[in-house]
Every structure is written in C-alpha cells, then in structure tokens.
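Please assemble the complex out of the two chains, which come individually in their own frames, going by the hints.
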Amino acid sequence: MESGNPLLDDYVLGLCTRERPRVCFLPSASGDADHYIVRFYRAFPADRCEASHISLFRREQGPDDLRTHLLEQDVIYVGGGSVISLLGVWRAHGIDAILREAWEAGVVLCGLSAGSLCWFDEAVSGFHGETRRVEGLGLLPFSNCVHYAPGSERGLAYHDLLRAGMRAGYAAEDGAALHFVGTELSRVVASRPAARGYRIAADGERVMEMRLATAFLGDAAAANVTRLPRATSNSLSAA
Amino acid sequence: MIVPRILTLGGHDFTSRPPDRAVSELMLRLATERAGGRPRICILPTASGDTSEQIGRFYAAFGERPCDPSDLSLFRLGRRPMALRDHLLAQDLIYVGGGSLVNLLAVWEAHELQAILSLAWREGVVLAGQSAGAMCWFESGITKSSGRPEVEAGLGLLSGSLCVHYNNEPERRAAYLAAVGNGMPDGYGLDDYAGLIWEGPGPPSAVTARRGARAYRVTSSDTGVIESPLPARFLPAPAPAALREDIAEFRRIKSMRKRAGWLG
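Protein chains in written order, with our numbering: chain A, 1 to 239; chain B, 240 to 503.
Just so you know, the hints here were simulated from the structure itself, not pulled from any lab data.
Think of the CB as a built atom: it goes at the ideal place given N, C-alpha and C, for glycine as much as any other residue.
You can trust all of the hints, since none of them are fake.
To give an idea of the chain B side of the interface with chain A (calculated C-beta under 7 Å), a few residues:
#: 1; residue: GLY288
#: 2; residue: ASP289
#: 3; residue: LEU313
#: 4; residue: PHE314
#: 5; residue: VAL341
#: 6; residue: ASN342
#: 7; residue: ALA345
#: 8; residue: GLU348
#: 9; residue: ALA349
#: 10; residue: GLY386
The following residues of chain B were derived to be distant from chain A, with all beta-carbon distances above 12 Å:
#: 11; residue: MET240
#: 12; residue: PRO257
#: 13; residue: LEU416
#: 14; residue: PRO475
With the rest of the complex left out, here is chain B (with noise of 0.2 Å):
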C-alpha cells in the first residue's frame, strides 16, 4: 500500500554544517526508502525564481551522493524545456525551496502543477521543503511575500496550518498566533533546523536537527492560544563528504591488512 508522505521544515540551509547535513541525509533516506535504490531527487526552486544560489547549493549537497539529482526552473524552461508531468512524477522525492509563498503557489497554478503535486502525493513521491516550500503543502500559512507576515492559503494537502522560523522571526511568530486566535485552523509551528513527518492521514512525527530546535503544536482556546512542544526525535550528522572518503579509505586498507594477516 502506498503511504503518502511529507517532509516540512521550519528552516535549513544546503551548507556542510551538521543540522543542515542531518537534514539532507533524512531527505536522502526518504528517497532511498521509496526508490529501494538509487532515488532520483528533484529541486522546485520556484518560490526564490529558481536563483543559481538554490540550486547550486542543493547540487552542492546531493551531487556526490547516492541519488540522481535534478531540477525543474520554471523560469527557466525556454532554455532548458521539460516534460513537467513525466519529469516530477518520475522522482523518489520532490523538494520545494524557500521565498515568496505568494508567488510559489501563482506560478505553480499559471503552470498547472499543483494536480501534478497531488498526484505525486498520492503515488508515493515524498513532497518535501522548508519555509514557504514546507508551508505550501497546509491549507495556510504566514508568509512575508508581500513584506509583512500575512495569512496565505497553501494548496491543502495537509489539514491545518503552520508557520516557519518560529524562534527567529518573531513577528511572523506573533501573527501566527494572532490569526489562529482569529480563527485561522490550528497547526504548527517550527523553529529552523525541526521538521514534522507525515505518514498516511495521522498525525505527524516531529524531528530536529538542533539541540534546542523545536517543534510545536498551535491551537486555539477559550483561554488564548496554546503552544506545545512536541517530543521530537533528534537527527545525528553524518560523517561530512570528505570524512567519508577518509573513513572509507580507512576502512579499505584495515581490510587489505587483514587479509595479508597484519592485523591477525
């Protein structure tokens, strides 16, 4: 049975750092689990207007990995044309990353991509990103796309509502909590470097990748609004690329030892 899932992240960046390295190699597992091999991961880098800056640094993080990586700039199809549908519906994992939410979701719909994400869904591609590209998978989120935080329908695959950078950015923080006092539906928020799972229609899991990263649960009251931590499960680092080379190099001559017997 295929089991949808959703990957959103208050915040992350594609740099060598260890939060951001625990969080690409979650994304890679992801995409690992649903490939049973080698996944192919796809960047939509709309909601920045597919800048360089995204997209080299999410090859910088894929690139020497075990994955195919691509990506689909709508901005930039004239140059490079692709088969959208074929294209998303052949990837392990679809990641979305941050910017305008506002101008994310117009595009999209000027292109007719929000069915395609859907059906992705639907078929098993993990639907993964941050910031905007984690907010537009709810029925709403805060946004800054026109300056100041505001109130945005995403395209609803998931019920409720979230907000990102939660501990960074605390007037999105405050209309957050202001709006679902006014009746927006509850959610979540998230601070960067936590992340919420989606697996099927329960609730999600939360995880981090920073000790003191949180993820928390937004609803409304009679008293007010209530925010509660959830327990989340901490992502360890892996090894950076180049400790990898070393450790298998390592690992490579302790066998040929062995077997010459050096090692008894």
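Bound-form chain A, shown alone (with noise of 0.2 Å):
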C-alpha cells in the first residue's frame, strides 16, 4: 500500500494460487481511519482480488463471524499505526488466537510497520516517542525493527535493546520486506532498489548487523524468479 508503488502488493498477490485472492485489510493500528481502508481498497481493485475489511470500532458493520472470515482469506494485511493499541484491541476481540490459526492453516499475514512488528516475539517500538520493547503475538521467535536505517536513532535504540537481552531479529528499511515461510526467512525483497534488510544480533556488548541479500522487485529478472512453494505458514513483514 505504497502510494504510487504497487511492487510489494503485486508480490503478496502473488503468493496466492487463487486467481482472485480472498484479501482482507485489518486497519486496527490506526483505529479503523476511513481514509486508511479507502486507500486499501485502490491499491487491491475488484478486478485483481475479492477485498473486505474488518472493523473493530464499527462491528455492527462487517462479517459477523470474524473467525470464519479471516479463516476463508488467502491473504490478512494489517495496517500500521499503533502497535500497542493494535495487539489490545486485537486481544479484547479474540482476534490474536484467530490468526495463529489463520497461520497455522496457511494464510499469508503481512502487513507494515505496526503490522509487521505484530508477528514477531519482540518488537521496537518507536511509535509512542520513546523507543521501547513491546511484546508481540510470537508467531516468529525473533524481535523486528521497521523504518530501521543504521545509524539512526531508532537503529541505535534498537541496538541497546539487544544488548540488554531482547532476542536476536531481523530490520526493515522502508520498502523492504521480510518473507518468512514457517518460521524461516526466505527472501527479502524491495519496493525501492535501496531498501535493505538486516539481521540483528549481539553477542554480549557488541552488536552484529548483517546485511541481507534483498531482490528489488522492479528489476524483472529479479521479480521473475522462481515462485516459492505454495507453502503453509507465510507472512511478510514490510517496513
């Protein structure tokens, strides 16, 4: 849902065998703001997959049966926004049970910022002004870093967290994307031809940042690779 760069949501798409895959946008991160499911619905048209969303304010609107809903999807995109807010309101409607099982039963979860960290055991959060841990649904047994540029001050929050014993994780630069399969990473790729993906670890004091091998989607060759395997358990954390 980058304006005016569709490479990302073309390669979710893509990772549906569905010739109209069943995408449904949770905007909760942002309290459900019109404006956010309105551009949900331009960057995934009719023509290209059957498109809903699910309100958590508006309920009376809306799939009656979350469960049933979000268990017929091929693919839940979560929006960004606050991290915080998301995993309560998510809690509060049973929501967070719903898509490991979702998972489990091999939808695709992706989402940016906010609905990337959400995935993750451990998560930086830089939303609230200060740089702090926020514990996530686990589905991946690693911490995550979004908008991460090194360097930057959140990079080097995000350093400090692990050496104070958040687990080792992965960082996204804007236009980025972490595509795990299972709990493995499988590729990164790239809406932008700069956009990287790290690998965060410390040993001790000392910080390890590996920089991952990331595919720009723009490039043909690049986007033309070889589809993975119509495997259980993706999800695809954006920056």
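Take a look at the structure:
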C-alpha cells in the first residue's frame, strides 16, 4: 500500500494460487481510520482480488463471524499505526488466537510497520515517543524493527535493546520486506532499489548487523525468479 | 477536601442545538469549579478510534469558550507524542467520547491508562463522558461493541451498572433489564440528554438537558426488575456563541450610552 508503488502489493498477491485472491484488511492499528480503508480498496481493486476489511470499532458493519471470515482469506493485511493499541484491541476481540489459527492453516499474513511488528516475539516500537520493547503475537521467534536505518536514532535504540537482552531479530528499511515461510526467513524483497533488510544480534556488548541480500522487485529479472512453493504459514513483514 | 466527581451522560453531541449547548455548559461549569479559573479540558476519543470527526466536534464546542481544550489521541501518538500521565493529571476535566466500550477499555489497558484515570479522579479531576465514555466508569454496562447488546465490565470507579441511550435503543434496554434480572448489579438507565452527577460516595443527582429525557434507577426485586424515574434538575441552554457576542456588544453600547448620559 505504498502510494504510487504497487510492487509489494503485487508480490503479496503473487504468493496466492487463487486467481482472485481473498484479501482482508485489518486497520485496527490506525483506529480503523476511514482514509486508510479507502486507500486499501484502491490498492487492492476488485478486478485483481476479492477485498474486504474488518473494522473492530464498527462491528455492527462487516462480517458477523470474524473467525470464519478470516479463515476464508488468502491474505490478511494488517495496516500501520500504534502496535500497542493494535494488540490491545485484538486481544479484546480474540483476533490474536484467530490469526495464529489462520497462519497455521496457510493464510498469508502480511503488514507494514505496526502490521509487521505484531507477528514477532518482540518488537521495537518507536511510535510512542521513546523507543521501547513491545511483546508481539510471537508467531516469529525473533525481534523486529521497522523504519530501520543503520545509525539512526531508532536503529541505535534497537541495538541498545539487543544488548539489554532482547532476542536476535530482523530489521527492515522503508520499502524492504521480510518474507518468512514458517519461521524461516525465505527472501528479502524491496519496492525501492536501495532498501535493505538486516539480521541483527548482540553478543554481549557487541552488536552484529548483517545486511541481507535483498531483491528489488522493480527489476524484471528479480521479480520473475521461481515462485515459491505454496508453503504453509507465510508471513510478509514490510517496513 | 477533594471530592471526586464524575458526570455520566446517556447520550449527547457537540452541536449548537440547545440541549447540546446545555450539556457542554455543564461540563465547562464543573471544570471551572475545579480550576477556580480558566480550566483545562481534554477529550479522550479512544472509543471511536480517535476519529477526526469526534475530535473536531469537541473543539467546535469548546474552542471559543473560556477554557483550554486538548485531545489525547492514543492512535496518533506517533505523529504527536504526549506524556500521558502528566497531561491527564494536569486537566480539570477529562471527557471520554462514545464508541466501542470493549476497544476503549482494551486500548486503555494496553497504554496503562486505568491507573492514571483513577488517580486523576481521586485528585479531583472531573471525569465525564457519554455512551461508552459513561459506562466505562461503572462496574459494568451494556455494550454493542460486537454488534449485539452484551454485558461488559468497566473500570468500577462507580459501583453498580449503567445502560445508555435508554429511550432510543429498545434492544439495549431489554438486554439490560434481562441482565439485571439475572444478577448484573443494580444500576441506572439514562436517556439521551439525561445525566448523573456523582460527587463523593453518596447517590448521584440527576440532570436533564431536554424536556422528557429521564434518568432511571434500575433495581431487581422479588417481583422483577423495577425502573424508577429519578427527579432531575433541568439544565437551561446558554445563549449560542453568536448571540453571546451580540449581547456583549449590546451591553458595551448600553454602558457607553449610560456613561454619556444618553439613557439618563
């Protein structure tokens, strides 16, 4: 849902075998902001997919049975915003358990920013002024930092958290996406030529930052590499 | 001595219609009493997902009045970080807007706001709200957060239960009566434009901003659930903003004339 850049959206739809994949948007982290929902439907038009959304602030509209609806999807797309509010609202509606079930059933889970952090065991949230550690859903047994840039304030804060005992994990620059199959990182792709993903771990006081090979999706050669097998438990986290 | 105060409303809006102006005026009065001067009033629009609409209406009602209005939008802290505790404890009145009671409480819990609000209340900051923003202070309320009316536990600063929009939503009222009959704590039903002012530990006093809008005490007994209307004080609407300016202008002219001896 990058404005004017459909590369990552195309990549997500490309993971589905159904001709018109079912894609459901969860805008909870934004407080179900109307303008965000409109942007989603523009990015995922009816000729390409069967798009829907669930607004947890307006349950009187939309599907009555959230579990059935979510388990029928090919892709569940989680929007950005406040990861703390997101997880709070999900717990209140039992969405956390349903998403785990959907992931185990092979639904592709994806999202950006807060919608990336939420899948990991530990997340670095810079949303709330000071950078802090937030516990995520824990589907992926790593830590995650989005909007990453080596040497940036948030980047250094992530390093500090790692030194203080946060588990090793992955960071993504804006435009980069981490594609996991099961709990294994399968590929790093990007919608911008220079965007990169990183593997980051601390060994005592030393932080090791490993730049990951990242395929730019705008390059035809990279975009056409062999399609991944229709594996279960995909998740795509973008910054 | 500090008297903790809460204003709970069955439903209202921030328009320029007389009953809405009367409710806003009551809030301004309660806040001004606490401040002893120009009060600070903050809206927590959490239950709506911090919609611009709810925030905009709040500012439209209080922006031109003698107070310092602000909003604390938990979903927008990324763009506008705020020190939650410091900001809330510095207020004279905290207003909680309507929306999803379930989401309101879940997001507050995630941001650890309950303890701050409870402390603010004990320190005399007036807590106010309508719909979900009224039920949240009680032990329990009847929410439609999941579509159907259901019982949901609140923060419990006020004992008993509350059902809002009592006159307007028959299915919510029916669910409430059934729940009280089944052991939900006794409580109150509030029509739109009816409210309860809670001061200290005693029973609340009822107010109404629209003729016919009522507050009910709802109790279970051996013979069933009883709804007893409470005597309520009527809140007159203040003059609308434009008229207030006209009146002020008229008074200025009158006093000038008086000084000039034109009126004898």
